[in-house]
Each structure stands twice: as structure tokens, then as C-alpha cells.
Amino acid sequence: MLDKQQGSRLANLWDEAKAAAMSESERLLYRSNLLGSDKRITNYGGGNTSAKVMEKDPLGGGTVEVLWVKGSGGDVGTIKMDGFSTLYMDKLQALKGLYRGLEHEDEMVGYLPHCTFNLNPRAASIDTPLHAYVPRTHVDHMHPDAIIAIAASKNSRELTHQIFGDDIGWLPWKRPGYELGLWLKKFCTENPKARGVVLESHGLFTWAGTAKECYETTIEIINKAIAWFEANNVAPAFGGAVQPVLPADERRAVAQKLMPVIRGLIGAEESKVGHFDDSAAVLDFVTSKNLAPLAALGTSCPDHFLRTKIRPLVIDFDPATPDIDATLAGLADAIAAYRADYAAYYERCKHDNSPAIRDPNAIVYLVPGVGMITFAKDKATARISAEFYVNAINVMRGASGVSTYVGLPEQEAFDIEYWLLEEAKLQRMPKPKSLAGRIALVTGGAGGIGKATAHRLMAEGACVVLADIDAEALANAQSELAARYGKDFVRSVTMNVTDEALVEKSFADTLVDFGGLDILVSNAGLASSAPIEETTLSLWNKNIDILATGYFLVSREAFRIFRRQKAGGNVVFVASKNGLAASPGAAAYCTAKAAEIHLARCLALEGASEQIRVNVVNPDAVLRGSKIWTGEWKEQRAATYKTDDLEAHYRERSMLKRSVFPEDIAEAIYFLASDMSAKSTGNIINVDAGNAQSFTR
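Residue numbers (my numbering): 1 to 697.
Please keep in mind that the hints were generated in silico from the structure rather than gathered at the bench. Just so it is clear, the structure is predicted and the values come from calculations on it, not from any experiment. Watch out, some of these pointers could steer you wrong.
[As the list claims (entries may be wrong)] Below, a list of computed lysine to aspartate or glutamate pairs in the DMTMM-like style, where the Cα atoms sit at most 20 Å apart: (1) Lys174 to Glu216; (2) Lys257 to Glu216; (3) Lys224 to Asp277; (4) Lys566 to Glu610; (5) Lys174 to Glu103; (6) Lys257 to Glu103; (7) Lys679 to Glu606; (8) Lys257 to Asp509; (9) Lys52 to Asp90; (10) Lys487 to Asp509; (11) Lys566 to Glu216; (12) Lys96 to Glu65; (13) Lys18 to Glu216; (14) Lys289 to Asp316; (15) Lys377 to Asp167.
Could you build the full structure based on these sequences and the hints that come with them?
And the structure:
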């Protein structure tokens, strides 16, 4: 059988009452979103949909036929109306007269902008001819696991006919492009009753006269394939299990140890973010007899391949007699061997005009008995790469269970990976943000300064783990940040910085969530005010516990990770003006803050030889959004300074006569956490609007 998820049929989600009120183009959007909502139909970013619609020509005023088709990039599950390209069908038909043959098919992409209808800025994709030349009104091109399992089988043509008869045809492998569009037109002309076609090693095309019929045809054909596999694929998956599955907590423990080391070994040129997947489909594969030979074959579908590289790296780990230290010791050689193998593949397959070799590191790492780790430029890409390889696993399960699984031929794989059109698309991508691929943990992350810092770091591309003792405020902060920057990029952990075990667990969770750590912003805080004779031992200890011991505990965990990654690291302490300048009635607080600053200096000395930088930001009187400036502390400081307007008091006390806000502190933290301060360590930046007492000496 295929993945357990595929044991159930796809539901028909079409709502005719809703669709009836839509225009033809709106029904295309509706159909696209329905199809893209289920990963059994197509994976993220995969597949295309189209409709040929009669529209009023903005130039001549007459009615013309327009192709609406998913534009370059995007995802059918989340696409909006502006995600579709619109092109004049008569101009697309006229392109046939310009086609000079297979060797020149790539130049046809350059003509597509000349076919644009209504000045639509959405760029047309390479798949446009595949939809334009199918002589049907509505066309779906999907990548269902169940269909690709047929397409990737050695006898895929025979299986297609056995399962679908003449209802669904078959075409041999052909790279997407203009020529394949002509092939599809020829097939439709010669097989007028066929409702679709299976493309070898690629996916499924279906078509119909209405949007509803096209959607229902796609669902019907995929369900037929699922049912056939359920009835016929009864062999043990991947040759059967030969390795045990470790318990869930042990799997996470292994991943937590492997991920930062792998990340350090592969991140010299570009910081990467990791993702861990130990789903049932993955565990079936990584415990199987045929893991190594199937993994070596690589993926079949181009969409899978582009997201997961030529093949994964299978980690040398024995779950029956686990020795994680031995595995860690062998990682450097294993990764070096993969890089050498990739370089050899590049040399074997390159053409005179091929782009330069790209990152030679693996994307997918398979760990027997544990699961799958993926690394990419950001969390979303790492997660999506994992989803694509799960699709590939499902394909291998199906194909190898009823036939012989066939991966994409090496030269074909190379020609897609290093396709000049693909290279041009990569070159058009925006320059990475300054913290892209970096991972930060911010303590006190739900408070004013902590949340402002998370906003600043995430705006520059960082992944952030918020740590705070206030679970409700933490959930609200995570929700806010996820809504703005994407849920892939933020996680939260409820953490008391004085609890050693909880600190260790929080950092371990960070490693499994994101694969490593680059930046620690130690910001958890409190404030207290009392004359020395009224300062209780418990109040004194509370300040020391949170502001000194807590900063020690989180720094120790960060240093442990930095040293395992061997890629440097960055610690920023949020201290206080009071760490340098004494204040009346705050001996416990001032002393703890002074200890914090001196701890940072000690850590700067210890970390320098391994490029671990440690710096301090000293705020003063940041009232807005702060949890410590509420209630008793604010009242106590107001009483000490005999004022009813504490913010005004601090503003007027400063040399610049300006209030200090959380965003001001966040800006200084960002500077110290970024490469702009790459040659600074052991420093203190005061963000206090000027206070001569706290000038550093």
C-alpha cells in the first residue's frame, strides 16, 4: 500500500452552490485551491491549473479567448487571482510558426511575454504551452503520489493501461517545455475520448469542458489509482523492516545531537535551518531492507528532485545498538564524501554552458530508526523539502511494491537542476536578508524588549524561539509574530531561566525545531526596589537567581551548542544602566545587573578563540510595553523620585531629553547580533538617551 494517509479516498469538496455565482476565472481559482489543499493531490508549489476564458479585449473591444494559467512560482493551494498569468490564445497559437525545433525550445519562453493579455504583470511559467495546446477548456496538471508511483515504475505504460484502459493515456518522459506542449496536443488529437494522460516519471494531466468536471475527473482518477494500489500492493513496504524504531523521546534525542553538528559542517558558505520528520512514512522507509538501494536511486518527479537534490545522505547509525558518539565522529567524513560524489556527478554531466556548481551538500539526511533531517536556506524551505521527500517515499513504496521503481536518469536530473531557465529564475531571486538562515533564542521574549527584538530579528530573516515564563503572553507573542512573518519562523518555549533542567530542555527543543543556534538574546528580567535594611534575603536571591544565575544557565547552554556547531556564535545580554551606575533603594537589582555585565566580559574572553562574540546592551527606563514596569516596581521608583509622571522624569533626567522605547533596544541588539558588528566582542552599548554616570570606562 501507499502511505497510510492514502488508505482513504479523496473527498469531492466541490460546492456547486458556491461555484455557481462565480465567473469562469473565479471557478478556476476555486478549483485550484481545492486541489492544492490536499498533499495527496499535489505538493507545495507543484502542479498547474488553467482555463480558457472568453474575455473582452481591452484594445479592440471585441471578445477574445484568453488562457488563465498558474504563473511562474506560487502554489495552487494558496494562489490568489493575481497568481495567474493571462495570455491571448491566438498569439500562443501563432508561436508555433516561430518554433525552430527541440534544440531551440528554451527560446520560446522569451516569446511568452509578447502574448500577455491586459498587461498582466504575472510572469508565465515554462508549463504554459502544456496547457495552451491541450484543446480542452479546463486543464489540471497534478503530482499525486499514487499517479507518480505508476509513472515511476519500470513498466509504467503497461500499468497505466491496466488501471485506466483507454480513459487515461501515457507519454514517455519529456522535460517540461514547448515540445511537451506539442506532444500533448498530438495525443489529444489522436485520442479524442481520453480524459487525461500519465507522464512518465512526472505526473498527471486531466482535462474537461467545465471547471467542475475537470476537478471531479482529477479526483476520480487519483482515487482509482489509490484503490488499485490498495488491492495490489500487498508486499512488505520497501522489502520489510530490518531495523527497530527508537522510542519517540530517543528519536528526538538523537536528532538533537546530530542536527547542530551537521549544520556546522554544511553551513560554511550559507547558514542553514533544519527540520526533523519522524512521521510513520519516514520511519517505515528508514528501518527498511531496501533503504540504501532505493535512496541511492534518487527521486523521479522533477518537482521532488529540485527540492531534495540528486539523492539523500543515509547516516551511518544502528538503532539496534545505538552509538551516537561514533556516528557524530563519522559525520565529517560522510559529508565530505557526499560533496565529492556530488562534484563528480557535476563533472560527468555538465555541458559547456552549464552554470557553475552549486552547494554540494545534501538537503535530505536519513537516519535509520530515527527519521529524516532536512536543511535549507530557511525553515519553510527545509520543511517543504521534507514534505517533498515524503512524497518521494510514498512513490517508492507504491512503485517498488508492484513493479521496479525507476529514478530519474542522472543526465536528465542534471539537465533539470542546471537548466539555464532554472538558473535565470534563481538569479532573479531577491538577495537574502542579513540574518537569513540564522536562529535566535530570546529570553523574556513575551515582554516589551523581547518581542520588539524578535520583530527586528525576524524582519531580517532570522528564525526566533521566544522563551518566557508567562505562558499566556508567550502564546500571544508567538501568534502575533507568526501572523506577520510566517509560522515557520517562530517557536516558543515556556521557560524559567532559573530552572536548570527546563533551560536544557528548551535549548534541546530549539535544536530539534530549527537545527541549531546562532544568537542568544538573554533578556529575562525583573525589577525590585527596597532600602537595604528592608531588602529580604528572598528578594536578594530572586534578583541574583534571575539576573545572574539565569543568565549563566542560558549562556552555558548556548556555548555548548556553539562549540558543537563549530561555526561561532553570538550572545547579547540585555543588562541595565544600573549595572554601571548605582541607584538608591535598588541594591539587589543593581548588584545582579553588575554581575550580569561582568559575566558577559568573562564569556567574551572564553568564546573569542571560537568566534563566539558576547556583548551587552544597557537600556534605561524602557517603560512602554514592559512587564517589569507595571505595578509595584513603577510605584516604588515613582516614590523614590517623588514624581507622578515617571516616564517624564526619566526623559528629563537624560542628557538628550528623550524617552527610550523597546524598538530602540531592539535596534542595538540587532546591530550586535548581525555581521555589522562582526569584529566587536566584550562591548557595552548604552541605550539610555545619555547618562553620564553610566559612561563605560
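These are the hints, each one checked on the structure:
{"no.": "1", "hint": "Lys174 to Glu216", "in the structure": "violated, 26 Å"}
{"no.": "2", "hint": "Lys257 to Glu216", "in the structure": "violated, 47 Å"}
{"no.": "3", "hint": "Lys224 to Asp277", "in the structure": "violated, 29 Å"}
{"no.": "4", "hint": "Lys566 to Glu610", "in the structure": "holds, 7 Å"}
{"no.": "5", "hint": "Lys174 to Glu103", "in the structure": "holds, 13 Å"}
{"no.": "6", "hint": "Lys257 to Glu103", "in the structure": "violated, 49 Å"}
{"no.": "7", "hint": "Lys679 to Glu606", "in the structure": "holds, 16 Å"}
{"no.": "8", "hint": "Lys257 to Asp509", "in the structure": "holds, 11 Å"}
{"no.": "9", "hint": "Lys52 to Asp90", "in the structure": "holds, 11 Å"}
{"no.": "10", "hint": "Lys487 to Asp509", "in the structure": "holds, 16 Å"}
{"no.": "11", "hint": "Lys566 to Glu216", "in the structure": "violated, 54 Å"}
{"no.": "12", "hint": "Lys96 to Glu65", "in the structure": "holds, 17 Å"}
{"no.": "13", "hint": "Lys18 to Glu216", "in the structure": "holds, 16 Å"}
{"no.": "14", "hint": "Lys289 to Asp316", "in the structure": "holds, 15 Å"}
{"no.": "15", "hint": "Lys377 to Asp167", "in the structure": "violated, 43 Å"}
Checked against the numbered hints given earlier, the structure breaks hints 1, 2, 3, 6, 11, 15 and satisfies all the rest.
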